[in-house]
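Next come the chains, spelled out residue by residue.
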Amino acid sequence: MHAVTEAAISIGFHGLAFAMVLYLISVGLSVTMGLMGLVNLAHAVFAMLGGYVLTALMNRWGVPYAVSLAGAAAAAALASVPLERLLYRRLYGGEELDQVLLTMGIIFMSVAGVTYVWGPLNQPVYLPHWLDGQIDFGFRHFPTYRSFLILCGAVLVTLLWLALERTRFGAQIRAAVDNLRMAQSIGINTSRLFTLTFALGSGLAGLGGALGADFLPISPSYALSNLVYFIIVVAVGGLGSIRGPFVAALLIGIADTGFKYLLPELGAFFIYALTMALLLWRPHGLFGRA
Amino acid sequence: MTVKDLDRARSDRNGAIEAFARRHRFRPLEAVPWVAALAAAFVFPGYLPLGAQILATILFVMSADLVVGYAGIVTLGHAAFFGTGAYTAGILAAHGWGEPLSGLVAAAAVSALIGFLSGLVILRTTGLALLMQTLVVAAMLLETANKASSITGGDDGLQGVDVWPIFGVFHFDMFGRVAYGYCLGVLLVGWLVTRQIVHSPFGRSLTGMRENVRRMHAIGAPVFRRRLVVYTISAALAGVSGGLIAQTTQFVGLTSLSLERSGNALIMLTIGGVGRLYGAFIGVPLYMIAQDQFAEIEPVYWYFWIGLLMVAVVMFARGGIIGLVERFRR
Amino acid sequence: MSDLALETPAFETIGLCLSFGALAVASDIDFRLERGARHALIGPNGAGKTSFVNLATGVLSPSAGTIRLGGADITRLPQAARVKRGLARTFQINALFRRLDVLEHVTLAIAERDGVAGGLWRAAGRHRRIIDEAYTLLETLGIEEDALRPVSALAYGQQRLVEIAVALGLSPKVLLLDEPAAGVPSGETGLIIGVVERLPPDIAVLIIEHDMDLVFRLAKTITVLVQGRILVEGPPAQIAADERVREVYLGDRVRQP
Chain S
1 MHAVTEAAIS IGFHGLAFAM VLYLISVGLS VTMGLMGLVN LAHAVFAMLG
51 GYVLTALMNR WGVPYAVSLA GAAAAAALAS VPLERLLYRR LYGGEELDQV
101 LLTMGIIFMS VAGVTYVWGP LNQPVYLPHW LDGQIDFGFR HFPTYRSFLI
151 LCGAVLVTLL WLALERTRFG AQIRAAVDNL RMAQSIGINT SRLFTLTFAL
201 GSGLAGLGGA LGADFLPISP SYALSNLVYF IIVVAVGGLG SIRGPFVAAL
251 LIGIADTGFK YLLPELGAFF IYALTMALLL WRPHGLFGRA
Chain E
1 MTVKDLDRAR SDRNGAIEAF ARRHRFRPLE AVPWVAALAA AFVFPGYLPL
51 GAQILATILF VMSADLVVGY AGIVTLGHAA FFGTGAYTAG ILAAHGWGEP
101 LSGLVAAAAV SALIGFLSGL VILRTTGLAL LMQTLVVAAM LLETANKASS
151 ITGGDDGLQG VDVWPIFGVF HFDMFGRVAY GYCLGVLLVG WLVTRQIVHS
201 PFGRSLTGMR ENVRRMHAIG APVFRRRLVV YTISAALAGV SGGLIAQTTQ
251 FVGLTSLSLE RSGNALIMLT IGGVGRLYGA FIGVPLYMIA QDQFAEIEPV
301 YWYFWIGLLM VAVVMFARGG IIGLVERFRR
Chain X
1 MSDLALETPA FETIGLCLSF GALAVASDID FRLERGARHA LIGPNGAGKT
51 SFVNLATGVL SPSAGTIRLG GADITRLPQA ARVKRGLART FQINALFRRL
101 DVLEHVTLAI AERDGVAGGL WRAAGRHRRI IDEAYTLLET LGIEEDALRP
151 VSALAYGQQR LVEIAVALGL SPKVLLLDEP AAGVPSGETG LIIGVVERLP
201 PDIAVLIIEH DMDLVFRLAK TITVLVQGRI LVEGPPAQIA ADERVREVYL
251 GDRVRQP
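Residue numbers (the numbering used here), protein chains in the order written: chain S, 1 to 290; chain E, 1 to 330; chain X, 1 to 257.
Read the hints as simulated data drawn from the structure, not as lab findings.
Treat the hints with caution; some may be incorrect.
Stated by the list, open to error - In silico EDC-like cross-links for lysine to aspartate or glutamate, where the CA-CA straight-line distance does not exceed 20 Å:
#, chain 1, residue 1, chain 2, residue 2
1, E, Lys4, X, Glu145
2, E, Lys4, X, Glu139
3, S, Lys260, E, Asp155
4, X, Lys84, X, Glu133
As the list claims (entries may be wrong) - Among the chain S residues that face chain E by a calculated CB cut under 8 Å, a handful are:
#, residue
5, Met104
6, Thr115
7, Val234
8, Ala268
Here the structure is a predicted model, which is why all the values come from computation and not from measurement.
All C-beta atoms, glycine included, are put in the ideal place defined by N, C-alpha and C.
Put together the whole structure using the sequences plus the hints.
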């Protein structure tokens with residue numbers, strides 16, 4: 001029995017760390033998809049960008065880890081603004097196929113871009129020494145880095161929830177997701193709201209990509225190969241919510257870790273099957289609306 | 001109203017009805033792709049293997065057009081059916097049954113089954129939810145193929161695909177002549193099927209669903225059922241195209257199920273023109289020939305320019321090449 | 001013909017109820033639409049008129065009550081099944097096939113009615129009978145000149161007529177017109193009125209309208225709906241004279257016929 005609880009705690013811990021990364025990257029996608037009705041397949045590009053900025057800052061210019069993390073988030077957020085204002089904006093409420101093609105085009109261009117600048121190989125991430133080793137939690141040891149991930153994630157999630165519930169900006173987002181036309185008619189500047197929300201979501205993705213470089217290696221194929229994970233989190237969680245992706249990320253993160261540990265021959269298959277089953281039951285996600 | 005007025009009204013009426021009905025008849029221009037395909041075989045004899053791949057891919061992209069362009073179901077997972085067909089035909093051939101035509105039939109059947117089952121689940125929704133689910137289905141199949149490496153060859157791909165001569169007579173030669181003719185013949189059949197669907201009342205109702213599904217519900221159309229039917233047929237056609245590739249290249253890799261494959265299909269279709277039946281015939285050769293010529297030189301640039309082309313097409317040239325031609329003619 | 005046959009209404013609801021949370025869009029609605037009726041449903045904005053049509057057609061499901069079409073219970077039937085039994089509607093905002101031409105709009109409807117719309121074997125062009133009938137329908141509505149033009153190229157008033165044409169293509173027994181004159185410039189409403197006046201007498205027609213001109217010209221019976229409830233029902237003169245109706249419309253909107 002001891003071995004089972006051991007395994008369960010391990011799975012729970014590592015799954016939770018993975019879930020945090022998934023959440024940070026996916027929450028922006030869920031909100032923007034729900035808010036702007038735009039299928040942004042290129043969302044993972046911002047996570048990738050965050051990872052590349054982190055490694056560039058640290059490896060090239062020796063910038064400390066914490067500062068590099070902030071830099072990654074900022075870079076992703078800033079990069080999203082011209083993209084939203086110049087390109088995405090034209091496609092709100094437009095045909096879905098257009099949005100798919102545009103965002104795919106952006107993925108392709110960014111893949112080419114990062115390959116050109118940084119080459120085709122995985123970027124090595126050298127964690128600072130204060131994240132090395134393990135922390136003693138009394139009943140068990142856990143890797144410091146992953147514990148840090150969970151802590152960061154928890155803090156960010158809480159801040160995000162508070163921001164959404166307690167600030168005016170958050171209230172505006174909630175109103176606009178609920179009923180866009182109504183929000184416009186009560187004077188909310190939805191165009192500015194979209195840009196800011198998009199930047200926030202992309203910045204979080206950049207942070208998630210940088211933090212999660214351990215789970216999801218930084219390489220040019222990042223945006224395409226990991227897209228399905230983020231899509232799953234958003235599809236299962238439901239569009240336009242920040243609670244949904246959190247629950248979904250927990251489910252997916254822990255289940256994925258568990259299945260890969262217990263049944264590695266089947267890999268990610270169970271996650272997909274689980275997703276399809278959940279979507280059969282709730283086609284619009286756990287917290288989505290029709 | 002004078003007799004002359006009545007006469008004119010009647011001829012206007014007949015004229016309009018004739019014009020409306022005539023849209024669905026075979027037109028001389030429709031022979032062009034086939035003449036071109038035959039001519040290309042003689043003018044470019046060294047490119048027959050590439051030509052065969054182009055023909056098979058046209059079938060694939062045309063099947064995607066049925067779903068995306070006509071029924072209005074945007075999918076990023078069509079490669080699921082392509083890959084299923086490829087692996088079905090390939091595994092059969094690698095395990096002792098190399099008869100090509102029955103291999104294609106098997107590929108069609110298995111892909112149709114997968115299409116039907118997945119359609120049952122995912123076609124109940126629309127829009128973003130549906131799109132995401134198509135991704136998941138394809139990812140699921142990719143992972144299955146990856147893990148079942150004892151059957152599929154996994155990462156290394158399926159080897160030992162041994163295809164018998166067609167009708168016992170036509171051996172696949174190393175110049176690719178038989179393969180080219182084979183693919184051309186199968187494409188012809190696939191095209192006839194697709195054309196029949198598109199020009200039938202069923203096909204017109206699909207277009208109605210694409211334009212305004214609410215209206216279709218309000219005139220009593222069984223929307224879900226029709227979508228499921230076209231999705232299944234399209235999956236079968238995609239499966240056949242996958243089988244063709246497997247048989248003519250004697251190899252099946254994991255990329256046949258990948259997101260890139262699905263995405264490329266959409267790209268090729270868009271370049272040619274979505275929902276106009278012939279978009280695939282224009283977009284696929286252009287894309288694949290360009291890729292053959294330029295992608296080897298500098299793959300990074302290729303990716304970049306394709307990406308830029310996509311953005312440009314969406315912003316400026318929505319209807320693809322066919323759309324530009326239509327606009328030009330007006 | 002027995003009295004019973006004369007009495008079965010073309011369409012009726014009994015005790016129809018539906019609420020969205022605290023908002024009651026239908027409260028215990030008992031409604032009868034007689035055969036060959038020319039019946040109008042009026043009421044202030046938000047009264048639940050379009051919701052009533054959605055309930056009738058099956059887009060919305062009631063929380064309580066029964067819906068009958070020609071005496072048969074259709075409460076549980078899905079939208080498409082109700083259409084097959086002769087219930088057709090038009091939309092308040094045009095729900096048309098933007099890129100398709102006018103003639104095709106009607107052929108699609110007729111094909112559904114005749115059950116050939118799912119056919120894969122014959123080309124659409126070979127169904128001459130259907131194309132013929134569609135063209136004739138356009139002629140009766142006076143829009144046959146635009147038969148081969150994409151509907152998006154038509155003036156809004158003409159588009160509203162196409163909307164009606166599609167519904168008529170289904171050869172309905174009951175026709176629900178949701179604000180047929182909505183959004184139509186006043187110069188073109190005459191067309192709409194003309195079309196509705198010339199509808200076959202055996203179709204039971206329910207018109208939802210705000211335009212009182214139209215209502216008083218076309219309707220023999222008027223039902224007033226307020227906040228999901230029927231306030232009063234009767235011939236136009238009675239409704240026009242009714243104090244409560246005047247109140248509801250703040251007095252001046254209800255004019256004498």
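Going down the list of hints, with the structure as the test:
Between Lys4(E) and Glu145(X), the direct Cα distance comes to roughly 17 Å. Compliance with the 20 Å bound is thereby established for this hinted pair. A threshold of 20 Å between alpha carbons decides the hint, and for Lys4(E) with Glu139(X) the separation of about 18 Å falls inside it, so the pair holds. Restraint check for Lys260(S) and Asp155(E): satisfied, since their Cα atoms lie roughly 18 Å apart, inside the 20 Å limit. Distance restraint check for Lys84(X) and Glu133(X): the Cα-Cα separation of roughly 18 Å lies within the 20 Å cut-off, and the hinted pair is therefore satisfied.
Look at Met104(S): its Cβ gets to within about 5 Å of chain E, closer than 8 Å, so that hint holds up. A hinted interface residue such as Thr115(S) counts as satisfied when its beta carbon comes closer than 8 Å to some beta carbon of chain E; here the least separation is about 5 Å, so the hint holds. The closest approach between the C-beta of Val234(S) and any C-beta of chain E is roughly 7 Å, which is under the 8 Å cut-off, so the hint is satisfied. Evaluation of the Ala268(S) hint against chain E yields a held restraint, the C-beta minimum of about 5 Å falling below 8 Å.
Checked against the numbered hints listed earlier, the structure breaks none of them; every hint is satisfied.
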